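A.B. asks: For this one, chain A is given, so just place chains B, C and D on it according to the hints.
There are 4 protein chains.
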Amino acid sequence: MISDELKKKLIEFRKKRDWEKFHKPKDLAVSLVIEASELLENFQWKTDKEVSQMLKGDGYEEISQEIADIAIYLTYLCNDLGIDMEDVVSKKLEKNRKKYPSDKVRGSAKKYTQYKSK
Amino acid sequence: MISDELKKKLIEFRKKRDWEKFHKPKDLAVSLVIEASELLENFQWKTDKEVSQMLKGDGYEEISQEIADIAIYLTYLCNDLGIDMEDVVSKKLEKNRKKYPSDKVRGSAKKYTQYKSK
Amino acid sequence: MISDELKKKLIEFRKKRDWEKFHKPKDLAVSLVIEASELLENFQWKTDKEVSQMLKGDGYEEISQEIADIAIYLTYLCNDLGIDMEDVVSKKLEKNRKKYPSDKVRGSAKKYTQYKSK
Amino acid sequence: MISDELKKKLIEFRKKRDWEKFHKPKDLAVSLVIEASELLENFQWKTDKEVSQMLKGDGYEEISQEIADIAIYLTYLCNDLGIDMEDVVSKKLEKNRKKYPSDKVRGSAKKYTQYKSK
Chain A
151 MISDELKKKL
161 IEFRKKRDWE
171 KFHKPKDLAV
181 SLVIEASELL
191 ENFQWKTDKE
201 VSQMLKGDGY
211 EEISQEIADI
221 AIYLTYLCND
231 LGIDMEDVVS
241 KKLEKNRKKY
251 PSDKVRGSAK
261 KYTQYKSK
Chain B
151 MISDELKKKL
161 IEFRKKRDWE
171 KFHKPKDLAV
181 SLVIEASELL
191 ENFQWKTDKE
201 VSQMLKGDGY
211 EEISQEIADI
221 AIYLTYLCND
231 LGIDMEDVVS
241 KKLEKNRKKY
251 PSDKVRGSAK
261 KYTQYKSK
Chain C
151 MISDELKKKL
161 IEFRKKRDWE
171 KFHKPKDLAV
181 SLVIEASELL
191 ENFQWKTDKE
201 VSQMLKGDGY
211 EEISQEIADI
221 AIYLTYLCND
231 LGIDMEDVVS
241 KKLEKNRKKY
251 PSDKVRGSAK
261 KYTQYKSK
Chain D
151 MISDELKKKL
161 IEFRKKRDWE
171 KFHKPKDLAV
181 SLVIEASELL
191 ENFQWKTDKE
201 VSQMLKGDGY
211 EEISQEIADI
221 AIYLTYLCND
231 LGIDMEDVVS
241 KKLEKNRKKY
251 PSDKVRGSAK
261 KYTQYKSK
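Residue numbers (the working numbering), protein chains in the order written: chain A, 151 to 268; chain B, 151 to 268; chain C, 151 to 268; chain D, 151 to 268.
FYI, nobody ran anything at the bench for these hints, they're computed from the structure. Quick caveat, the model's predicted, so the values are computed rather than measured. Hints are not guaranteed to be accurate.
For identical chains, the list gives no copy identity; a pair is met inside one copy or between any two copies.
[What the hints assert, rightly or not] Listed next, the in silico EDC-like pairs over lysine to aspartate or glutamate satisfying Cα-Cα at most 16 Å (straight line):
#1 LYS157 to GLU236
#2 LYS158 to GLU244
#3 LYS171 to ASP230
#4 LYS165 to ASP253
#5 LYS241 to GLU211
#6 LYS248 to ASP230
#7 LYS199 to ASP177
#8 LYS165 to ASP234
So that you can see chain A by itself, here it is in the shape it has in the complex (with noise of 0.2 Å):
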């Protein structure tokens, strides 16, 4: 998602204030929890017609912000606890293709409401 250019300056800047210390590992996922939940705040009460109304409006640069917090904090948690998320995302991918056979589960709705990430 992000460059290992950005990745070594979002590392850098945290290095620079001195702020690792704070970023335990379970403060992180508290941290990501938090964001993930202001990301959806954007979403909170609406329809599908009023939430493409919002990401015409305000809601697309905040949602966007939102998006921006989440995946700083996983870079964070991923170079903190020597995580290759090209790696681990590649292999969740694999799992996933032998989960649910495309010829299996194909537009299927109640496959699809069933489906468990684990």
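C.D. replies: Coordinates of chains B, C and D only, in the frame set by chain A:
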């Protein structure tokens, strides 16, 4: 975080199953919270020491999987809304640089715990 | 929501297992998010119609259980922090009455979707 | 937790504003996560010691307000789905008593951190 090639594969995986129709932006935001919360569950009730032990055991693999899920939904949401993650993270970093000048906030717990992402 | 008698039983249940020590306020707050998110999982990807069907089936029991979990953690947190739920809800209702006068906001979607709890 | 009288006032408050139509079960579940996450925000980045200090200051009032919001949405959701909170919490407590016999789990961190609500 993930390459354009892998992003293409994720989009293709979804298309082949005809699952785009389930991925309304609001439901993707709901899913991001759910996955972030499943990530957090691995840290629930644990002290720093217990987190370290958990990360040396099975927890590491489980956490990797939850991080993959978050990255996957984030990729879909950005794709669907036309949001360039590199771009929004870059801008957010610039914003944070101005908001938190390193010479003023360096190592300050007070400043950091009062930190709000908005 | 729940009687003083049941509240006592919950406190006793915890005491008998010597579990108070795990219930730090921060971890109870983490647990509330996790349980609320498990509640939300029952609604993930579902349209209004699918939610109705789910509520007529197994979903009803699952949702009842998640609601119980939320109520239990909320009871523990209020007990531990000395917060009187009747009192804080009462005050919040008064606050909301002033903030949203019924003659001004009645049935207004716009006002409602702009509603912020703070 | 809250009296039948206060519950009636909450229902009346909503009715007077013609807001029932916004309170679809899925949106109430979304709102519960958002409020629980706002509660958690007060604990973000904080150590046990910093939490204690926060609770002696402005944090206490903020936390009380977030708890009120959670209790309010929980009350609406139970009302709308015909769920008796006293009843579901009672049954959950019975279930937990069988699942976690006090003589076996007493004070055990291992058992507790492996505790799953389901």
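A.B. asks: Evaluate each hint against the coordinates.
C.D. replies: Here's how the hints hold up against the structure:
1. LYS157 to GLU236: Classified as both: same-chain Cα gap 14 Å, cross-chain 10 Å, threshold 16 Å.
2. LYS158 to GLU244: Classified as between; 14 Å across copies, 29 Å inside a copy.
3. LYS171 to ASP230: within (11 Å within a copy, 29 Å between copies)
4. LYS165 to ASP253: between (49 Å within a copy, 12 Å between copies)
5. LYS241 to GLU211: Between copies only: 11 Å across chains, 32 Å inside a chain, cut-off 16 Å.
6. LYS248 to ASP230: neither (30 Å within a copy, 25 Å between copies)
7. LYS199 to ASP177: For LYS199 and ASP177, only the inter-copy Cα distance (14 Å) is at most 16 Å; the intra-copy one is 36 Å.
8. LYS165 to ASP234: neither (20 Å within a copy, 26 Å between copies)
Comparing the model with each numbered hint stated earlier shows that hints 6, 8 do not hold.
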